[in-house]
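Novice: First to last, the sequence lines map onto chains P and D. Anchor point for the first sequence: position 71 equals 71 in the working numbering, and the numbering is continuous, going up by one each time. Anchor point for the second sequence: position 160 equals 160 in the working numbering, and the numbering is continuous, going up by one each time.
Everything labelled a hint here was simulated from the structure, so no lab data went into it. The beta-carbon is built from N, C-alpha and C at its ideal position, and this holds for glycine as well. Any given hint could be a false lead.
[What the hints assert, rightly or not] List of simulated lysine-lysine pairs, DSSO-like, C-alpha gap at most 27 Å: (1) D:K64 / P:K188; (2) P:K447 / D:K137; (3) P:K210 / D:K35; (4) D:K22 / D:K137; (5) D:K137 / P:K419; (6) P:K543 / P:K599; (7) P:K333 / D:K64; (8) D:K22 / P:K738; (9) D:K22 / P:K320; (10) P:K210 / P:K188; (11) P:K658 / P:K705; (12) P:K418 / D:K22; (13) P:K447 / D:K64; (14) D:K137 / P:K333; (15) P:K333 / D:K22; (16) P:K730 / D:K22.
[Unchecked claim] If you anchor each label on the Cβ, the simulated ranges turn out as follows: (17) P:K58 / D:V104: 48 to 54 Å; (18) P:D325 / D:V104: 39 to 45 Å; (19) D:E106 / P:T7: 57 to 63 Å; (20) P:G346 / D:V104: 52 to 58 Å; (21) P:K738 / D:I135: 44 to 50 Å; (22) P:L742 / D:K35: 40 to 46 Å.
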Amino acid sequence: MKEKPVTLELAKEHGLTAEEFDRVRAILGRDPNFTELGIFSVMWSEHCSYKSSRIHLKKFPTRGPRVLQGPGENAGVVDIGDGLAVSFKMESHNHPSFIEPYQGAATGVGGILRDVFTMGARPIASLDSLRFGRPDHPRTRYLVTGVVAGIAGYGNCIGVPTVGGEVYFDECYDGNILVNAFTLGVVKTEAIWRGYASGVGNPVIYVGSKTGRDGIHGATMASGEFDEKSEEKRPTVQVGDPFTEKLLLEACLELMRTDAIVGIQDMGAAGLTSSSFEMASRAGTGFTMDLDLVPQREEGMIPYELMLSESQERMLLVAKRGREDEVRAIFEKWDLDASVIGEVTGDGVARIRWRGKTVAEIPVAPVTDQAPVYDRPAARPEGQDALQQGFDPASLPAPSDLADTWLRLMSCPEMADKKWVFRQYDHMIRTNTLVLPGSDAAVLRVKGTRKGIALSVDCNSRYCFLDPYVGGMIAVIESARNVACSGAEPIGLTDCLNFGNPEKPEIMWQFRSAIEGMAKACEAIGVPVVSGNVSFYNETMGKGIHPTPTVAMVGLLEDAGTRLVQWFGAPGDAVFLAGADRLGIDLGGSLYLKEIHGKVAGTPPPVDLAHEKRLQGFLGAAAAEGALSSAHDLAEGGFACALAECCITGPEGPIGAKVVNPFPDAVRPDFAMFSESQGAVLLSCPPGKRGALLDLAGRFRITIKELGKVGGEHIDIEGVATVRAADLQKGWREGFAKALGLEG
Amino acid sequence: MKTAVLVFPGSNCDHDAYHALKHVIGVDAGFVWHKQSSLEGFDAVVIPGGFTYGDYLRTGAMAKLSPVMAAVRRFAEGGGPVIGICNGFQILLESGLLPGAMIVNESLRFVCDYVHLKAETGRTPFTAGIAPGTILKIPVAHYQGNYYADDGTLDALEKKGQVVFRYCAPSGNVTPEANPNGSARNIAGICNEEGNVLGMMPHPERCAEAQLGSADGRRLFDAMVAWLKEKGK
């Protein structure tokens, strides 16, 4: 690569506006050179600066008695008691995964793992939220296969279990898939590390893989829309090396057990640039850096390339002066490079040298403090009202065979068994996974304690499309309910906010509304947002995705022995429906409306936040008291699909149930079966615990209704529809591979 | 009595094996770094699963060159019990301590799932006391667990009683459907002629506690402890 003369045109090619370019000149008091332009362009890219989202993200509650680290660091940290904490974050790798699914997804996993172990935490579990285009789109099978193999290839090799997640299909993702990766680690509260470049004279040390030309401008790519030329961006996708990351993980954790370092940060998006500037900015310092000392695997790289490379498996750390040899010795043991490339200075200026010359000289604080912040115009889309009023339930043709409709819903790719996916993920390694993938939440034990951690990732983007405010609330509430269904108390969340082009007012309206809904829900249930990520520009050829604010919820079980699963336990258990206060009426945005009637319209079911909070308390108390065999929330597909899941998703084969129709007053039986609602859960209760369960429901003011009993070969909603559990299970098991034309 | 858990660059089931031995079974255990050339003081060796050297070459092809493998060979020749699990099995194959090779799963996909195994011999220290025909529920997790050997080798393994485990249905029937990876003759684990070196793809260390879904894996480690005790260790 050759340096180019810096002009406004070149700045625009780098994604800077004329005003932003002026601001660069004002900060420097002169024109930037090519390297400096590169640095500003990535630091002020949407991906790194959050310039369009920052003012809205402030609306999230981020504090709480358990929060040890909120947003702004590599990952959030939440106290779980007994001197331990969990560190977690979720991040998107949407654009790279669409261009090159295997490496895009793999490096997404690699990046989020680094964010977590940078905090000093040992990663113990990952989740992934994946959204693809319609199953019969020509590219979908290729993308699904590649993304799943990429996640497996990276996570399995490094040895962190992928314990759950979600896979959705919708045509809105045809040209822009979503790959959101979450990792959680465990750390001692007194051993949390942060990204601070403090202590004038302390050495800045580069560790990990060598730097190549891969991924240059990845952050900028993630800050623009896709077009027909996006394929040409394949070289901006990084290539993952999970083996090196495993070595890096072990070396970093070993190093952190010494007190030789003062700060550490992952070289993620914008690589050496963002890690060095962010660490110095947090500490209020400057630094010098000599690029000739950066370990390189390609020849002839210029400063611009070295500063912007997104080569994977690299970290930047600041050690205590005089302790360099200890750092080197540990990295040598793990066959990794460790090179002192500069030192912390007190004048607040970044001075970058190469071949004896200063190639960039930038004051650190203004790069972050004076980064552009936009309050972009927002406007409710013109068609929103029509969309919400776009259907009349009475006009829907009634299915002639409800059992057949039930089977079709259970075997559609959104509902069908995802075993084809999670069988490729090592979900058991580290021997903590108590509830394997397939339940509302995965549950892991925390070795050395009685505690359990419950994890769930969720977002219904149809709801968010129809009403982003309510959809945002539901994303938070439903992931919290999933965690509560395992018996856990939700203690913190991280999010990945996937939206279209923020420069369009209607997208900004979606974004703002979703955040306000999420914030409202978080406050109501007392759960802080401790980390997260915004992914804008999820558009191809001008067409945006459904707003998709994915939420990953973390819950705590004081005693992992009280955990619950979603599937019915034993024949003879009583079946209860709790919290179903709205009876069989909400079809807006439902799976039934989409899959059977081909419509995405209406409004999502309303949310009663006070009820949700009480429901969570009720579930936790019922689990702790042993009053439940299982708990499962009503979600896509409504009551009938939730009931089917209770019967067929367990590891021990299908089991039947005989229940009364809980919504006898519904206008039509199909509405009773498949209408969707919030705040409702299906429970099974062992004989002898019925009284205790009803007492608790009374104490938490949760309406509860006994519906029938577990057992038999059929799933029977009396007087409405009956299917053989084994038939439903067969369709559910085969649906995913069948829809995608995959080998089972 | 002390057991060694080897650690290579890329081992990732080392902590799990250590946990099962030390905290579940209650036998002393220690990590041994791959650059060490002695196993002095250890009475049994576990080569854990993982992706040594990223499996970027043939699985186990790099790890067999580590100094510790010469020590493992001497230890095995002295009759000491050695168990290689998953990648550990692959390393034993590459080292020539066990016959055959591993190729990519027939599905061409990684597979993580519970499987059932039929125990075929009690002659190894890890299966002593487990009656032939016993069915164990133990998970697999691998991309290259498709055991291959030529027919002559397979015949010899069977004739000499070196097939320790086969994949089977929950009923115990050895069927093609029960084979998760395409392994020749449903072989899941084999031992050397002497019986003291066992290699197996399934992970007994992952199912040594009932709360994880099965405690059948514990039986192998219990057998090992009983065997060592009998030898006065």
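Novice: Give a verdict on every hint.
Specialist: Hint-by-hint comparison with the structure:
1. For a cut-off of 27 Å, the pair hint linking D:K64 to P:K188 is broken: about 36 Å separates their Cα positions.
2. The hinted pair formed by P:K447 and D:K137 meets the criterion: a straight-line CA distance of about 23 Å does not exceed 27 Å.
3. As the CA atoms of P:K210 and D:K35 are separated by approximately 24 Å, the hinted pair is consistent with the 27 Å bound.
4. About 22 Å separates the Cα atoms of D:K22 and D:K137, which keeps this hinted pair within 27 Å; it holds.
5. Note on D:K137 and P:K419: the hinted pairing holds, with a Cα-Cα distance of about 19 Å set against a maximum of 27 Å.
6. Restraint check for P:K543 and P:K599: the C-alpha separation of about 19 Å stays at or below 27 Å, so the hint holds.
7. The straight-line distance between the Cα atoms of P:K333 and D:K64 is roughly 18 Å, inside the 27 Å bound, and the hint therefore holds.
8. At roughly 45 Å between alpha-carbon atoms, D:K22 and P:K738 are farther apart than 27 Å, so this suggested pair is violated.
9. A hinted pair counts as satisfied when its Cα atoms are at most 27 Å apart, and D:K22 with P:K320 does not qualify at roughly 36 Å.
10. In summary, the hint linking P:K210 to P:K188 is not supported, as the alpha carbons are separated by about 31 Å, beyond the 27 Å threshold.
11. Under the criterion of a C-alpha separation no larger than 27 Å, the hint pairing P:K658 with P:K705 is consistent with the structure, at around 14 Å.
12. A hinted pair counts as satisfied when its Cα atoms are at most 27 Å apart, and P:K418 with D:K22 does not qualify at roughly 35 Å.
13. Simply put, P:K447 and D:K64 have alpha-carbon atoms about 32 Å apart, too far for the 27 Å limit, and the pair is violated.
14. This hinted pair does not check out: D:K137 and P:K333 have alpha carbons roughly 38 Å apart, beyond 27 Å.
15. As the CA atoms of P:K333 and D:K22 are separated by approximately 26 Å, the hinted pair is consistent with the 27 Å bound.
16. Proximity of P:K730 to D:K22 is assessed by CA-CA distance (about 42 Å); at most 27 Å being required, the pair is judged violated.
17. A hinted range of 48 to 54 Å for the beta carbons of P:K58 and D:V104 is consistent with their spacing of about 50 Å.
18. Distance hint for P:D325 and D:V104: a CB-CB separation of about 43 Å, consistent with the stated range 39 to 45 Å.
19. The beta-carbon spacing between D:E106 and P:T7, approximately 58 Å, falls within the hinted interval of 57 to 63 Å.
20. Against the hinted window of 52 to 58 Å, the Cβ-Cβ separation of P:G346 and D:V104 comes to about 56 Å, which satisfies the hint.
21. For the hinted restraint 44 to 50 Å between P:K738 and D:I135, the CB-CB distance of approximately 31 Å leaves it violated.
22. Distance hint for P:L742 and D:K35: a CB-CB separation of about 43 Å, consistent with the stated range 40 to 46 Å.
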